[in-house]
Amino acid sequence: MIDNREILETINMIRDYHLDIRTITMGVSLYDCISDNADTTAARVYDKITSAAGDLVRVGERISSIYGIPIVNKRVAVTPISAIGAASGGYLKIASAMDRAAANIGIDFIGGYTALVQKGATAGENQMINSIPEALSQTKKVCSSVNIASTRAGINMDAVRTMGKIIKEVAYLTRDNQSIGAAKLVVFANAVDDNPFMAGAFHGAGEGDRVINVGVSGPGVVKTALEKIPLGDLAEVSEVIKKTAFKITRVGQLVAQTASKMLNANFGIVDLSLAPTPAIGDSVAYILEEMGLEQVGSTGTTAALALLNDAVKKGGIMASSHVGGLSGAFIPVSEDAGMIDAVSKGSLTLEKLEAMTAVCSVGLDMIAVPGDTSPEVISALIADEAAIGVVNSKTTAVRVIPAYGKSVGDFVDFGGLLGRAPVMKISTLSPAKFISRGGRVAAPIHGNKN
Amino acid sequence: MKAFITVVGKDRVGIIAAVSGLLSQLNINIEDISQTIMQGMFTMVMAVELGQATLAFEDVAAKLLAEGEKLGIEISIRHKDIFEAMHRI
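Protein chains in written order, with my numbering: chain A, 1 to 450; chain B, 1 to 89.
Chain A extracted, bound-state conformation (with noise of 0.2 Å):
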């Protein structure tokens, strides 16, 4: 039997240290939707998403409801689009009937507008990526990713030469609307096909039909739980965020396959995520800072990440069947108040979240540069970004916001999960001939693996 001190602790997470569900997500195949005409595969798009996920909402508020925890959201991810549009190169109207289907079935974002040429690109891959700016201007739900890189094929720096042009268009089109369209558009290196999170979600090529994936989520549990030991030796801080990573891992798992059984879909995996959202109380910031460093950005913040994303792995991986997607801790600097508040007051740099990326999940996530920021300087960065996952063997990604007309220091607030980001400082140095040489940087020896 539970008793009552577990009862309200449960309580007490949900209630006061924001744990909850961070998103549904139900992958769903495409590829039965290809036809050479633009007309009939759009058509085709929104009928599979429609019927595969027309009961998404319906069952996560359900599931909220039956065990009492906030589902924040519930989200598609589909087959890369640029594989479903290259018979028609329809990309456009596909785009148009991606967010469509998600208007109607009531889910926050849809994913999958992607294309993955980490080693080259098709004809029909670059009309994909070229009408990326276009798709994310005209529509409100869909979200965009590029893979240009990979350990086993190295980086494709023609890609990334065409990423620092295409974020920029995409923050020019969506100007009357702080850039917003860059946030919904993320450039991977080593990119992940059970991704629940956005804007980087797609349904990969190995995936079943319909699959359900589960990001959890807790930063305010974990803080509060080290609250408890504020003279605690660091391995008794790994041993605490084990222990709560685990509890709330647990939940994502219950609610994973309660939701696969109602959605008559695969369970695919639980992301053992720390995703911070930039409510008070919910930051991975504090966390770092409750470690003991006066600000995140301080010296020792790469240390104190890395024992914390380490931490969350082991502790969750015994609480799930199958774990997947970005796992680990989410540093996307204008989600989380810590972050918005070091970056405000100088304390932390875009330097320090680079070397951050190379230990904790993901990358360089939710930052705002200045509106003049040169593509080149932006496809550096990327090139930067990759060259960290793919010499590591881990996923990296940007999700840069060249904010249009602003410069550092002024802010852009998007509201909601997506937060306000302050501008950074970028280095204005030009890296230009170094983007302009193109080819590919080959991968590194570890890749070889065979």
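Hint data in this document are derived by calculation from the structure and do not stem from the laboratory. Check each hint, because a few of them may be wrong.
As the list claims (entries may be wrong) - Among the chain A residues that face chain B by a calculated CB cut under 10 Å, a handful are: (1) Asp-3; (2) Asn-4; (3) Ile-11; (4) Ile-14; (5) Arg-15; (6) Ile-66; (7) Tyr-67; (8) Lys-247; (9) Thr-258; (10) Met-318; (11) Phe-434.
Stated by the list, open to error - Dumping the calculated DSSO-like pairs for lysine-lysine here, alpha-carbon to alpha-carbon at most 30 Å: (12) Lys-80(B) <-> Lys-228(A); (13) Lys-314(A) <-> Lys-242(A); (14) Lys-80(B) <-> Lys-261(A); (15) Lys-141(A) <-> Lys-261(A); (16) Lys-228(A) <-> Lys-345(A); (17) Lys-80(B) <-> Lys-243(A); (18) Lys-313(A) <-> Lys-449(A); (19) Lys-2(B) <-> Lys-261(A); (20) Lys-314(A) <-> Lys-449(A); (21) Lys-119(A) <-> Lys-165(A); (22) Lys-425(A) <-> Lys-165(A); (23) Lys-394(A) <-> Lys-242(A); (24) Lys-425(A) <-> Lys-345(A); (25) Lys-243(A) <-> Lys-63(B); (26) Lys-141(A) <-> Lys-394(A); (27) Lys-242(A) <-> Lys-80(B); (28) Lys-228(A) <-> Lys-63(B); (29) Lys-63(B) <-> Lys-261(A); (30) Lys-80(B) <-> Lys-313(A); (31) Lys-140(A) <-> Lys-93(A); (32) Lys-314(A) <-> Lys-80(B).
Glycine is no exception: its CB is placed at the ideal position from the N, C-alpha and C atoms.
Model the placement of chain B on the given structure of chain A, informed by the hints.
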């Protein structure tokens, strides 16, 4: 279906009567009750069985929430599985 109802708020006359009266109306059996004062707040945990309940779980949850608002306290209900998932291996 087994669930736990938790009641948290300022102590006052009639909380248990109001909650148990509502549960009786909904044909929900109370299997165990315990209460304590935590940090000055009245805290009650009830283990209940909803097998014969006259309403669906979500509607029971909504009724309890509304009753709590009337009494100025917080009443919530959660399926037992969330507690077992979190606290039992």
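Here's how the hints hold up against the structure:
1. Asp-3: Where the cut-off is 10 Å and the nearest Cβ of chain B is about 9 Å from Asp-3(A), the hint holds.
2. Asn-4: holds, 5 Å
3. Ile-11: This hint holds: Ile-11(A) lies near chain B, its Cβ roughly 5 Å from the closest one there, short of 10 Å.
4. Ile-14: holds, 9 Å
5. Arg-15: holds, 8 Å
6. Ile-66: holds, 5 Å
7. Tyr-67: With a minimum Cβ separation of about 4 Å from chain B (threshold 10 Å), the hint on Tyr-67(A) holds.
8. Lys-247: holds, 5 Å
9. Thr-258: At about 8 Å, which falls below the 10 Å cut-off, the nearest Cβ of chain B leaves the hint on Thr-258(A) intact, so it holds.
10. Met-318: At about 8 Å, which falls below the 10 Å cut-off, the nearest Cβ of chain B leaves the hint on Met-318(A) intact, so it holds.
11. Phe-434: The hint is violated - Phe-434(A) has no Cβ within 10 Å of chain B, the shortest such distance being about 50 Å.
12. Lys-80(B) <-> Lys-228(A): Holds. Lys-80(B) to Lys-228(A) sits at ~27 Å (cutoff 30 Å).
13. Lys-314(A) <-> Lys-242(A): It holds: about 6 Å lies between the C-alpha atoms, which stays within 30 Å.
14. Lys-80(B) <-> Lys-261(A): holds, 18 Å
15. Lys-141(A) <-> Lys-261(A): holds, 26 Å
16. Lys-228(A) <-> Lys-345(A): Holds - the C-alpha atoms of Lys-345(A) and Lys-228(A) are around 28 Å apart, at most 30 Å.
17. Lys-80(B) <-> Lys-243(A): Holds - the C-alpha atoms of Lys-243(A) and Lys-80(B) are around 20 Å apart, at most 30 Å.
18. Lys-313(A) <-> Lys-449(A): Distance of about 24 Å is within 30 Å: holds.
19. Lys-2(B) <-> Lys-261(A): This hinted pair holds, its Cα atoms lying about 19 Å apart.
20. Lys-314(A) <-> Lys-449(A): holds, 25 Å
21. Lys-119(A) <-> Lys-165(A): holds, 19 Å
22. Lys-425(A) <-> Lys-165(A): holds, 19 Å
23. Lys-394(A) <-> Lys-242(A): Judged against 30 Å, a Cα distance of about 21 Å means the pair holds.
24. Lys-425(A) <-> Lys-345(A): holds, 13 Å
25. Lys-243(A) <-> Lys-63(B): violated, 35 Å
26. Lys-141(A) <-> Lys-394(A): holds, 28 Å
27. Lys-242(A) <-> Lys-80(B): The given pair, whose Cα atoms are some 23 Å apart, holds under the 30 Å limit.
28. Lys-228(A) <-> Lys-63(B): Roughly 36 Å between the alpha carbons, so the hint for Lys-228(A) and Lys-63(B) is violated.
29. Lys-63(B) <-> Lys-261(A): holds, 27 Å
30. Lys-80(B) <-> Lys-313(A): Distance ~26 Å between Lys-80(B) and Lys-313(A) Cα, so the pair holds.
31. Lys-140(A) <-> Lys-93(A): holds, 14 Å
32. Lys-314(A) <-> Lys-80(B): holds, 26 Å
Hint violations for this structure: numbers 11, 25, 28, all remaining hints satisfied.
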